[in-house]
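There are 2 protein chains.
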Amino acid sequence: MNSNTSALLTDLYMLTMLQGFFHEGMEAPATYEFFVRDLPPERGFLLAAGLEQVLKYLETLRFTEQELAWLASTERFDQNFVDYLAKLRFAGDVYAMPEGTVFFPNEPILRVTAPIPQAQFIETRVINLLHFQTLLASKAARCVLVAPEKLLVDFGLRRAHGAEAGLLAARAAYLAGFGGTATVLAGKEYDIPIFGTMAHSFIQAHDSEPAAFEGFAHAQPNNVVLLIDTYDTEAGARKVVEVAPRLKAEGIAIKGVRLDSGNLAEHARKVRKILDEGGLSRTNIFSSGNLDEHMLRELLRSGAPIDGFGIGTRLDTSADAPYLDCAYKLVEYAGHPRRKRSEGKATWPGRKQVYRSYNAQGRYMQTDIITIEGDVLPGEPLIQAVMKGGQRLRSAEPLHESRERASRQLAQLPEHLRALDTTPPFSVTISPALEALASQADREVAS
Amino acid sequence: MNSNTSALLTDLYMLTMLQGFFHEGMEAPATYEFFVRDLPPERGFLLAAGLEQVLKYLETLRFTEQELAWLASTERFDQNFVDYLAKLRFAGDVYAMPEGTVFFPNEPILRVTAPIPQAQFIETRVINLLHFQTLLASKAARCVLVAPEKLLVDFGLRRAHGAEAGLLAARAAYLAGFGGTATVLAGKEYDIPIFGTMAHSFIQAHDSEPAAFEGFAHAQPNNVVLLIDTYDTEAGARKVVEVAPRLKAEGIAIKGVRLDSGNLAEHARKVRKILDEGGLSRTNIFSSGNLDEHMLRELLRSGAPIDGFGIGTRLDTSADAPYLDCAYKLVEYAGHPRRKRSEGKATWPGRKQVYRSYNAQGRYMQTDIITIEGDVLPGEPLIQAVMKGGQRLRSAEPLHESRERASRQLAQLPEHLRALDTTPPFSVTISPALEALASQADREVAS
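Chains Z and E are the protein sequences, given in the same order.
Each residue of the first sequence is one higher than the last, beginning at 2 in the working numbering.
Each residue of the second sequence is one higher than the last, beginning at 2 in the working numbering.
Any given hint could be a false lead.
Each pair may be met inside one copy or between any two copies, as identical chains are not told apart.
Distance condition first, Cα-Cα at most 25 Å in a straight line; then the derived DSS-like pairs of lysine-lysine [stated by the list, open to error]:
1. Lys189 / Lys88
2. Lys189 / Lys57
3. Lys389 / Lys271
4. Lys274 / Lys88
5. Lys274 / Lys57
6. Lys389 / Lys256
Rather than coming from a laboratory, the hints here were simulated on the basis of the structure.
These numbers come from a predicted model, not from an experiment.
Here chain Z stands alone, though its shape is the one from the complex:
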């Protein structure tokens, strides 16, 4: 069983609600939108990601015989309803901001219109997919903004929350501008460049560091990056200098060294000096170990001579903000606008579009306005049709295209949003048309 694609990967209340809709014969078209309510403390913007996985989920959604039999066996559902589930497919329309688009609170990045059982049922997995990749791409973008000239590599699979998190973190980080990942399967599945050298255990299994370095170099002469901090970082660097001539005689160049502990800036400066004096000025320094965007900024500000960074745990768990306050909400049913008014959770009704304006030179984002679909305003509309009647309108966007979009969008961020610290929020306004629709929705609901 592939649990990642199971239709049972959902909350039970989707099924109990569907049973309600089924018994009441409710299947009028409903529109739901996915949006983020508020930004985490240290975020000034978010980067949309995960749409491709959502579309794939919608295309392939169906219950297997075995799943249906299990549902029937729980005695929670009557057989008519289980037979109905057997035929459930997603045949609705989807509008979305393309992956790699910068967005802000209350702006929908996905809109689904379908008969209400279909549009409702998909909620759990749609949120699960969009939330995580958007969270990760937004975290990774901060690293990219801080270190635009450096090679950044995702090292986080081991502490990612499970298999899918590790894979999708690699994808989201690459989309946001990382150079690659250590996760082999992400290389195979998403054609992302993969990077990797050795762990401390490789050194420790050998009787000495020089023996480990030479053994490794002989096994992969084109990818010689040596980990030098197992015992003493500077001593490790001197051993690299010691083995270099022997390897050079065999035609093997030492591409780089890796530091993984201690004061990275201080070690990097000392190691750079040892390598340069030892004739290894073309050997790069790669660094890892508890890194995040703040540590990156500190290392770069200190002028540490580090050429690339492996960023793991704090990226893959989005450690400072491990979740977004996001929702997938009903905004229209059977042609009528709907909104939720729960305390602190009120939402905007109706199908929406977002228009973005740039400054006079067209170089920086200046303001967004959220309005209702069909209300044409100045600016660039961000939400596009991507699926009609359950069919994609175009084939899957290659990941490098999403990555290029993200790069262009990050270049268009206003200066104050490029900082790591809390900044004045980007200007997002609600159009008069949307305000009017909200009042209409409130009047319509008999409460």
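Keeping the supplied structure of chain Z fixed, place chain E upon it in accordance with the hints.
Showing chain E alone in chain Z's frame:
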């Protein structure tokens, strides 16, 4: 392709190291141990979880033809090595603390002994599996300690980090003492009780709350739990009282109501009064919305009349501590103890055992001592053999047995570790035999 079981779900450096071992003919037995270096700020103990998934991974590990062909196509590996990978199986020994065991920093919860390529290769996925479930079970245990008499339900799939995180979070929370989960697939895969009612959208899709309540009740007369905060919580409760006699006439009882927003304690008191005065004193109040162990404690201290809690995002992401500082480290190679001495990351060498002592009445854990295997000390040895030569020594432990162990272990926690706040650490000492082995390891390494 099921990405959760792919042998490529690993870091590239596992493969480059294996290529090194292969070329050097290194295949002597190596022992690695998984442990946590330090506790997150708000944790006084951890609960071991994830062993079952690790054993399954080890039993089934192999590269498919397609994976091998892809590896060859990357031109990073020579054909002899790819042929060697085709035959790679895990045939080693595994010792572990059983799932549901309370443990502390530096105590190994898993020990693997196998030819070094096998023991090394599994590192990434072993950490990925043990880390996440241990993280989650430890977070869930805090909720259970705070609210031992309440029904606690995992609601977190949507904001869990991907599919596997959602599934394994449900498993880990149940193991730690939760009553169940909303995640349907976790019910099917792990036989965990599932819970679910309705979302706000179900209410909003109807013309009025009473219409929604009655529609839902007719569709599942045995599971009538009604969400009452979509528009106004107390008004919602009065509508429940209004429809109750009509439903009662049809033989349908209202099992509960759910609150999901606002001041939960205040709403619960008002709603309890409305329900009691309306003759619904047997209707439960279930509550959800941004809950964690602190919020639970606050609600219970305030005496809020709430019978059960749905705990989602902050549980499934372990929001206050989204990762553990854990490692899987080489401790012995070819019969010689090994340790890493990197700054701030030094480890203890050799195969270890942990002995736990209890107070005189045998009721509370008093102290742990970490020593080398074979050094018999007073107390209960926590680490047991679970796999020999790649074969399990017994069949998979049923989840309810791990859950019962967790429950017994939590009951044996010393009082100060049951608090939510930072507490004096539990006493864990290093035996003289282990200290001596560490000195020996340092002497042996030519550095």
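task = State whether the alpha carbon distance between Lys389 and Lys256 is at most 25 Å within one copy, between copies, both, or neither.
result = This pair counts as neither: shortest intra-copy Cα distance 50 Å, inter-copy 41 Å.
request  = Classify it for me, Lys189 with Lys57: is the Cα-Cα distance of at most 25 Å met within a copy, between copies, both or neither?
outcome  = both (18 Å within a copy, 23 Å between copies)
query = Given a CA cutoff of 25 Å, do Lys274 and Lys57 count as a within-copy pair, a between-copy pair, both, or neither?
reply = neither (51 Å within a copy, 48 Å between copies)
ask   = When no copy is named, should Lys389 and Lys271 be tagged within, between, both, or neither for a Cα gap of at most 25 Å?
value = neither (60 Å within a copy, 47 Å between copies)
request  = Classify it for me, Lys274 with Lys88: is the Cα-Cα distance of at most 25 Å met within a copy, between copies, both or neither?
outcome  = Neither, since 68 Å and 44 Å both go past 25 Å.
Within, between, both or neither: Lys189, Lys88 at alpha-carbon 25 Å = Answer is between: at 21 Å across copies they meet the 25 Å cutoff, but 33 Å inside does not.
The structure is inconsistent with the numbered hints 3, 4, 5, 6, although it conforms to all the rest.
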